[in-house]
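Q: Given chain A, put chain B in place with the hints provided.
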Amino acid sequence: MSIEYNNMELMITIAARNLEDGAVVIVGTGVPCAAAMLAQKTKSPNLTILFEAGGVAPQLPAMPISVGDSRTTHRGIKATTMADIMEMCQAGLVDYCFLGGAQIDKYGNMNSTVIGDYYKPKTRFPGSGGANDLASLTWRTMVVCPQSQRRFTDKVDFITTPGYLTGGNSREEAGLPKGTGPYRVITDIGVYGYHDESKEMELLFLNPGKTIVDVRENSGFEILIAENHGIIEPPTDEELRILREEVDPDKIIIGRS
Amino acid sequence: MADLKSGRGEIFTELNSDNLRKHFRKKNKKLVNKETTVTEAVKDYIKDGDYISVGGFGGVRIPTAILHEILRQEKKDLGFSGHVSTHDCQILSAGKSFNRCDAAYIVGLEARGLSRHARKVFQSGNIKVTEWSNAALSWRFKAAAMGLPFLPAKTMLGTDTFEYSAGKEILCPFTGEKLLALPALHPDVAVIHVHRADVYGNCQIDGIIVADDDIAKAAKKVIITTEKIIDNEEIRNDPGKTIIPFWLVDAVIEVPFGSYPGNMPGEYFSDEEHLFEWLKVENDEAEFEEFLSKNIYSCSDFNEYITKNGGIEKMRKLRRLEKFI
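Chain order of the listed sequences is A and B. For the first sequence, the residue numbers in the working numbering are 1 to 257. For the second sequence, the residue numbers in the working numbering are 258 to 582.
Quick caveat, the hints were computed from the structure, so don't treat them as lab data. Incorrect hints may have been included.
[As the list claims (entries may be wrong)] Below, simulated DSS-like cross-link-like pairs (lysine-lysine); rule was C-alpha separation at most 27 Å, straight line:
1. B:K377 / A:K155
2. A:K178 / B:K411
3. A:K78 / B:K411
4. B:K571 / A:K251
5. B:K385 / B:K474
6. A:K155 / B:K262
7. B:K353 / A:K120
8. A:K251 / B:K574
9. B:K580 / A:K78
[Stated by the list, open to error] Some chain B residues well away from chain A (every beta-carbon gap over 10 Å; in silico):
10. T293
11. T296
12. Q461
13. I486
14. N494
15. W504
16. I553
17. K571
Every residue, glycine too, gets a C-beta built ideally from N, C-alpha and C.
Next up, chain A with everything else stripped away, as it sits in the complex (with noise of 0.2 Å):
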């Protein structure tokens, strides 16, 4: 029997899994940079790390606070601008960004920016940051959030940063980038993949325990199941050595669970 774990520490540690040596990521702060660094002291040492502030590779010393923050570019290869970072992702050289959650779809669509009315907002936040730009730019998409049917919503109140729109064709429609678009989502619940034509949500992966019936019960939309879905393997104890001892000391993000 391996150790106890929490929510945080699957998500994180099945997100790492999900960064082959060699990529480009560009991550947020909390879930995906935690996922990033544990990527970054497994199975891949070689994963170049990018902030859209400015941040180049760096050998992340401890968890930052800010994509800004001086953390970033620890023992990095290049401090920069926005727009360089940016520009990266527009000529196509970054693989993969990595969001935190807030609404979302069946398309991927997200919502981070406010909730009823635009011109008199029930609730502000923050906006798109540069996630619209990494959700756009960038080849692949991929959202680690916890799973409910809060979160998981069958209309977003406002479309911050695309997925793949309505549908179909529509992402690539609208001017985006052909190719790009939602690859994974990584829940507390399950690993979701997009249908290959109609673009909506569809299960691949169960994460040990859980169920169809917690996919259908944490969602506000009707989540496709992939014939052939598989289990997802728990952590292993080295992976939660590294995360707890060496990822996330202060427990910042593991202790949220």
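A: Relative to chain A, chain B alone:
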């Protein structure tokens, strides 16, 4: 033929290239001493109604002293660019200083959480907001820095972020592909904190530059606060390090620890306790008022603010934290 859309948002800043060229022609390009004080710089260079852009990255390398002084001088009806505006947005929101905003990232402090007060200001319906993404604002500054009225990009298309922006879809004259046209953003005033500057305004920055090279070129006026004033010889010994050259700059003020409570790369880390306290007191109006009075309104200058928050001992601690000592 493609049906080309326009965002419904408003453009808050000057776009006429000829007017802007005339303005920049008149800028003083003589090597003259531009040292002044925080009080004088805000009085002389920031008028009610001006549009300002703040350098750095919200809680990293921010010109805190100038932002506090904007509140003390009760500047009104400002516009500002929310280009990852975190603690800077929080300060400006505390002062009822602005009525319009180009928003890419506002009201939040990244991993620290959301500012209750800043949200209240933006939820009041009294602030005009035009929506953008971070890259969009970076490239709007770049277009301005290039002396162009717009730049094309491939971001934001198909989303509500575009719908509520002031961007326009266009077709590439060469390939026919759909692109987003981003209008240049020329702030009236840029306020930027740097590591080192000489008295003429030649500036060196360590670590990430964010958009400050372009913001300095885009703005009609530029106020620089610097950790320290260095001799012009130091600039000339290593000209490759000059990020902002003197002819862009109107005012220079030496403000040690000037990014506090924000992080200054290579110098000191952010004061997370103070930022946490700020977020916490926003939950209670009376407490928040008292907090602002203590930390801003009753302070005669930035040094008093630092002294009230632990002074040189606190700064030593933040320096050690920055260097993992």
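Q: Determine which of the earlier numbered hints do not hold for this structure and return their numbers in increasing order.
A: none
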